[in-house]
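J.: Chain by chain, the residues:
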Amino acid sequence: MRKFFDQELNKLQESLLKMGAMVEDVIDLAINSLINQDIKKAGEVIKLDDKVDDIEVEIEKKCLELIVLQQPRAKDLRKISSILKIITDLERIGDHGVNIAKITKKIGNEEFIKPLVDIPKMAELAKKMVKNSINSFLNEDIELAKKVAIMDDEVDDIYESIYVELLEMLSENKDIMEQVTYLLFIGRYLERIGDHTTNICERIIYMVDGERMSY
Amino acid sequence: MRKFFDQELNKLQESLLKMGAMVEDVIDLAINSLINQDIKKAGEVIKLDDKVDDIEVEIEKKCLELIVLQQPRAKDLRKISSILKIITDLERIGDHGVNIAKITKKIGNEEFIKPLVDIPKMAELAKKMVKNSINSFLNEDIELAKKVAIMDDEVDDIYESIYVELLEMLSENKDIMEQVTYLLFIGRYLERIGDHTTNICERIIYMVDGERMSY
Amino acid sequence: MSNRKLKDNLTKILIYAASLLTVGVLAWILIYITINGIGEISLEFLTSAPEGESGGGILPIIINTLYIILLTIVISTPIGVFAAIYLVEYAKPGKIVRIIRFATESLAGIPSIIFGLFGYIFFVTVLNLGWSILSGALTLSIMVLPTMVRTTEESLKAVPDAYREGSLGLGASKLRTIRKVVLPSAIPGIVTGIILSIGRIVGESAAVYFTAGMVSRLAKGFLDSGRTLAVHMYLLAKEGISFEKAFATAFVLVVIILLINFSANKIGASLDKTKV
Amino acid sequence: MNKTKLSVKNLNLFYGDFQALKNIDLEVESNKITALIGPSGCGKSTFLKTLNRMNDLVENVKIEGKVSLDGEDIYNNIDVIKLRKRVGMVFQKPNPFPMSIYDNVAYGPRAHGIKRKAKLDEIVETSLKQAAIWDEVKDRLNQNALGLSGGQQQRLCIARALAVNPEVLLMDEPTSALDPIATQKIEELTEELKEKYTIVIVTHSMQQAGRISDNTAFFLLGEVIEFSETAKIFSNPEDKRTEDYITGRFG
Amino acid sequence: MNKTKLSVKNLNLFYGDFQALKNIDLEVESNKITALIGPSGCGKSTFLKTLNRMNDLVENVKIEGKVSLDGEDIYNNIDVIKLRKRVGMVFQKPNPFPMSIYDNVAYGPRAHGIKRKAKLDEIVETSLKQAAIWDEVKDRLNQNALGLSGGQQQRLCIARALAVNPEVLLMDEPTSALDPIATQKIEELTEELKEKYTIVIVTHSMQQAGRISDNTAFFLLGEVIEFSETAKIFSNPEDKRTEDYITGRFG
Amino acid sequence: MESREEIRQSVKNREDSMEENKLQNFIEKIVENIFFISACMAIISVAVISIFIFYKGGPAIFQIGVKEFLTGTTWQPLGDYFGILPMIIGSIYATIGAIIIGVPIGILTAVFIAELAPEWIQNIVRPSVELLAGIPSVVYGFFGLLVFVPFIADTLGGAGNSLLAASVILGIMILPTVINISVTSLNSVPKEYKEGSLAMGASHIQTIFKVMIPAAKSGILAAVILGIGRAIGETMAVILVAGNTPLIPDSLTDPIRTMTANIALEMGYAYGLHQEALFATGVILFIFIMILNIMLNLFTNKAGE
Ligand SMILES: Nc1ncnc2c1ncn2[C@@H]1O[C@H](COP(=O)(O)OP(=O)(O)OP(=O)(O)O)[C@@H](O)[C@H]1O
Ligand SMILES: Nc1ncnc2c1ncn2[C@@H]1O[C@H](COP(=O)(O)OP(=O)(O)OP(=O)(O)O)[C@@H](O)[C@H]1O
Ligand SMILES: [Mg+2]
Ligand SMILES: [Mg+2]
Ligand SMILES: O=P([O-])([O-])[O-]
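Chains as they are written, first to last, in this note's numbering: chain A, 1 to 215; chain B, 1 to 215; chain C, 1 to 276; chain D, 1 to 251; chain E, 1 to 251; chain F, 1 to 305.
Next up, chain A with everything else stripped away, as it sits in the complex:
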């Protein structure tokens, strides 16, 4: 039943999957270029994010089209409106990737004040959260969504510890000031990415259950 609509919905979900993958790539690329201090790669992040923006516009357009042409109701509508919200978060995640890349450019070849351990760890987590949130959307897997929310706590903890550590380092050596603020911002961005994935997961739970839940 409603074969055509279901097809369209599937296409939409595929696009979303693609967008998720792109966003993961953005994070990956951004962190890689940071770690490797590869300014060229940082430039690529910005280009990739433009693509994310394009696909967001596209998905949004398709969602509105489906709403206007197919009159989805109940769960169908919740699904589409979830997609509408999710892409905003994904797009924002992409932006934060760009923010990181911009910092990479600013840091340039300047040596790191410490080996980057926590930040890649956070990035890894963030990537995983993006992936999981998209997967939990596609499979309507509430458990997975809840796990993502738990992972976000972890991200927050790491950010907290980075913050403390950096300020400590700073109090020992005031020359690293600039890099410290940069790294702090990067931490902050990654933390925001975590928040955005958590938003996505809230959405998913609402979509599946029909009740809006707040974590």
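Treat the hints with care, since some could be wrong.
Pairs of lysine-lysine residues, derived as DSS-like cross-links and limited to a Cα-Cα distance of at most 30 Å, are as follows [unchecked claim]: (1) D:K232 x B:K62; (2) C:K5 x E:K115; (3) D:K129 x B:K11; (4) D:K185 x B:K62; (5) A:K3 x B:K62; (6) A:K62 x E:K32; (7) E:K32 x A:K61; (8) B:K102 x A:K114; (9) F:K194 x E:K138; (10) B:K3 x D:K32; (11) E:K117 x C:K5; (12) A:K3 x D:K232; (13) A:K146 x B:K61; (14) F:K22 x D:K82; (15) A:K114 x A:K128; (16) F:K194 x E:K194; (17) E:K115 x C:K12; (18) B:K147 x A:K51.
Which stretches of chain D does chain C cover? Using the computed rule of at least three CB atoms under 8 Å from a CB of chain C, they are [claimed, not checked]: (19) 51-64; (20) 85-98; (21) 108-119.
In short, the hints are calculated from the structure, not lab data.
C-beta atoms are modelled at their ideal positions from N, C-alpha and C, and glycine is treated no differently.
Once you've looked at the hints, dock chains B, C, D, E and F with the ligands against the given chain A.
T.: For chains B, C, D, E and F with the ligands alone, kept in the frame of chain A given last:
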């Protein structure tokens, strides 16, 4: 024609206006509590933001209800989907207000390293941008929306100059490190608020013209 | 393809020929009667009584015919209309309705000669009404009853149920619904039924012949005997008394029928409330 | 909870051996619009007609259970004519009587014994105004009602129903014979009428139910599967079958 | 731009003195579904009928302008019967003939001279399969078609139209007499049919036009106000009148 | 308090109207019974007619002997020979002749009126046919007597008063019945059928014969049966043209006497067994007609399903 639908749409717009006003209050309160180093007031910000969150949920629910029950099309749908997006931005602006308030708490009674001039100026601008963006939505006033986008450039400029100034101050006196990062974050938050209002304005232009424009 | 066209065209030719024949026969009859009958028509013919074997006019006969029409309609209309109302508005589908319907249809199929026989046995002999206008009218009333019932029934059925539901839904009683909404919409049909019945009465010969008798004078009352136009014509033709007068009578009959048909359409249409 | 106008308890209806309604429980709230939706043949019209006993006209109907109007059992010792005066009905196809516009509206009041011309004039005018058709017909009250357009006819029928001053209006797919514009006028009208009347409406169009109703009952094979606020039914139905039906994944 | 199947140029149609169609220009694309929407009486059906010359049956019709099918003017020197074979039609009310299901579908091929039983059997089966009704009727092909449900009848009519192997299918409100579930089946069917056929569909329901069509033409008072992609018409129409109509703010 | 008063008032009102309603219900009941009795008039009539005809004619059949009566070929009331086989055969032949002439022409004309004729021609032909139905049968008989009878005598020999003349006149007389009912049933074929067929590229003639006539089948059959009824029951017109000799005809030009004619011709002067034998002829005719009615009933019922 479609009296009932138009009534509902009006109600929705009123709610949006209310939400906008609340968000302005959040910014106002956050900056006031910062300037006056009023921790109690900072607590209020968080409470007020909870209300913003509530009204967001409410508006979103109403939007989906209208979509499902009234099948809006063309401009009607663009309007509602714009509201859906705008409230996300407003909610985020509120969050940034809370972020500021949280910093206020951290700074506590510690004396400011410099008289706060630029930050209140930015906040003032941000508030105005919020107000204008909501107004331009209600009046479908594209000109006003475009002005907001221009104001955002101003905000960005101020942020840039704050950034430079703070880092300069820091290079003279490394002790103010912590407050500098705090103020930097606040600047960053205000800058984000500006970005969010710009997003809102993009939306409005799309809504009125039907074409998605990017600034 | 051309095979199909050929077949189509041959069929068309047949159809046109048949239609032409139908209309041709009708025209032929009408023209024939008119040409031969109109000569004999005169004011005197229409306003005087028959005389002797072949003389005189047909006034009393016209008046007898009118008597019979009037009486038959007065008897059969209420019965027919009431019966139709019962069948359409009250009857629950079931045995009794099926029997009533079958009876009505049978009545419609019974040939007039049988009515004549029956009328003769029952009204003339058993009820001892003799050959009279009344016997004739009673017989004819039974004969036209199916026409009355059926046309009324049809027009009642043609009244949309929506009208009934509408009225009942407003809290009107059933009788009120019938009186105020259903019957007014059915009036054109009822009037058509009456006019069709008149046509039948005017043209009927066999049944009247056996029940109203064939005296060629003016009936002095409903219990007096008197022949109608159709009977008059039959007798003139059958006995070969006067073909001229037979033609003239035929012409008068045809004109009356024409008038009846014409007015049936006009009156029916003018009463139609559903036409805006 | 708002005031209950009509309350249906454990209603079963049989056409001969066929059970058309099964254990219906439903409360119609005062001054609300209650929509009945469901696939064809699920018993919506049948249910609607039990509310003013129009089913009494059908052969072989057996009704069990209780329907009460303002607490009073309408199947027990009640005058059907009075009941129908209190519970008016508007049908799928506009069915004005073939008489003048005036007489159509005055028909009900006259049937209930009102004879004074002045009184009738007043009723006709207010009813037509309430039905939002006064302006369109005020200059031709004596013209035949069948000359009106479909949408006007339907509003006239609504006026006719209002003229006997009912408390409840039952509408059986009142717009399914109308074009979208006429439909919209009727929909708006119902929105206004609910201020004074309680409305129960059967509709084939889920969209319509969504647009105008406060509560919605979903019927399936003679049962009420789900009954709750329209917004709830349409955005978050409890029952899988309701969800399937309203999202078009049924059958 | 896709291939044009039907092209209408500057079409004017008069019923006596009344101009029902005014200067219509429209291109129907191959293997697309083109929807015609607009208020009642705006000329949708009239326009549809000009595409297979069903208007020829009406008295007093005058047609000006050009309608071409694959570039060939259908009002000039063309065999109407051939044309109707190429441009099939499905009507608002399902209208199967009062004969067996088999004979209904075989009717067209027989009329065009096919007599071999084996060939007819094959046509009947494929047509019924294409119309997605084979499974429901394959065991009762010799039963009277009037015994089918409304939705089945309509699919049978589609099968019947497909049996003469048309290129274009015209549908005049094919679901307006059907319930939502039957409607949905037909809608899905059209989606599938467009792979092989070009479809032009008149619909009263904007929702339907939205759901199934690729292009939409909005008619008003005999004119085509706007004609473009359905998504465009529904989300961002050019003309104020279209916007008013599709957002329900018309008239 | 106030509301209790209101309730009391409304209860009282309801009781008042209950009184009023009892009266109204009573009137409604009475009126319904009047309607019912009227509806029964048809049953009563048919029953009384049957009873009296059988009562008057039945005994004669047994007195004469069923076999002698039905299969006897001699009708000589004065000689006490009461065989009505010639009349039965006369009626049947004349009816068959009428059908052969009237039915095809009638149906084709109906097709013309319903389908092929342009409106202005329809506007002439339809009323003409109605008029044809309205013309009294004596007029047909008279016309036949003066036109066909001499024509047959001149061209085919014999007296002209013949089976052929009767068949032609009856054929013409059943035309309106056949045409009117056929047109009605053709017109009531939903126009969707026609559109459906034409839209598939079937020609108009194909459409008429493959879809419309089959769809109107039961109506057309009913028309034919009614025509038969009319032909078999016709009296005065037949008398005028059939010759009325009570013999089994050998050829089309031989005179015939139908059952109806038998009754009408001799009733005037018959008495005793002769008169009863005429009633008995009526009984046979009546049985024929009843069989037709039952057939008709079957067909129309089928059409209703
Ligand atoms: N008078 C009757 N006698 C017997 N069965 C009936 C009668 N009226 C309705 N039914 C049956 O009762 C069931 C419910 O009919 P009803 O008309 O209430 O359905 P509905 O939901 O209104 O459908 P629709 O949407 O088609 O109007 C159907 O199966 C129908 O066939
Ligand atoms: N045979 C006819 N003779 C005269 N006028 C006609 C005829 N058929 C249609 N019309 C008129 O032409 C106009 C267009 O009619 P058409 O049936 O095409 O409208 P439509 O858009 O299909 O409407 P609907 O949605 O009601 O089917 C109407 O004003 C109608 O009254
Ligand atoms: Mg119904
Ligand atoms: Mg149309
Ligand atoms: O995108 P954010 O401003 O919410 O971090």
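J.: Could you run down the list of hints and mark each one as holding or not?
T.: Right, here's what the structure says about each hint:
Restraint check for D:K232 and B:K62: the C-alpha separation of about 12 Å stays at or below 30 Å, so the hint holds. Proximity of C:K5 to E:K115 is assessed by CA-CA distance (about 17 Å); at most 30 Å being required, the pair is judged to hold. Between D:K129 and B:K11 the alpha-carbon distance is near 28 Å, which keeps this suggested pair within the 30 Å criterion. Note on D:K185 and B:K62: the hinted pairing holds, with a Cα-Cα distance of about 24 Å set against a maximum of 30 Å.
Of the pairs offered as hints, the one joining A:K3 and B:K62 holds, with about 29 Å between alpha carbons and a cut-off of 30 Å not exceeded. Of the supplied pair hints, the one linking A:K62 and E:K32 holds, its CA atoms being roughly 19 Å apart against a limit of 30 Å. Straight-line distance between C-alpha atoms of E:K32 and A:K61 comes to about 22 Å, which keeps the hinted pair within the 30 Å bound. In summary, the hint linking B:K102 to A:K114 is supported, as the alpha carbons are separated by about 28 Å, within the 30 Å threshold.
For the proposed pair F:K194 and E:K138, the alpha carbon gap of about 26 Å is at most 30 Å, so the pair holds. As the CA atoms of B:K3 and D:K32 are separated by approximately 18 Å, the hinted pair is consistent with the 30 Å bound. Between the alpha carbons of E:K117 and C:K5 the distance comes to roughly 23 Å, so the proposed pair stays at or under 30 Å and holds. Distance hint between A:K3 and D:K232 is fulfilled; the C-alpha atoms sit about 25 Å from each other, no more than 30 Å.
For the given pair, A:K146 sits about 22 Å from B:K61 by alpha-carbon distance, which is consistent with the 30 Å threshold. In summary, the hint linking F:K22 to D:K82 is supported, as the alpha carbons are separated by about 14 Å, within the 30 Å threshold. The hinted pair formed by A:K114 and A:K128 meets the criterion: a straight-line CA distance of about 25 Å does not exceed 30 Å. At most 30 Å may separate the alpha-carbon atoms for a hinted pair to count; F:K194 and E:K194 meet this at roughly 26 Å.
Note on E:K115 and C:K12: the hinted pairing holds, with a Cα-Cα distance of about 24 Å set against a maximum of 30 Å. Of the supplied pair hints, the one linking B:K147 and A:K51 holds, its CA atoms being roughly 27 Å apart against a limit of 30 Å. Counting residues of the stretch 51-64 of chain D whose C-beta lies closer than 8 Å to any C-beta of chain C gives 4; at least three are required, and the coverage claim holds. Remark: the stretch 85-98 of chain D is confirmed as covered by chain C, as 9 of its residues place a Cβ nearer than 8 Å to a Cβ of that chain, reaching the required three.
Coverage of a stretch by a chain is defined here by at least three residues with a beta carbon nearer than 8 Å to that chain's beta carbons; for the stretch 108-119 of chain D and chain C the count is 3, and the condition holds.
Checked against the numbered hints given earlier, this structure breaks none of them.
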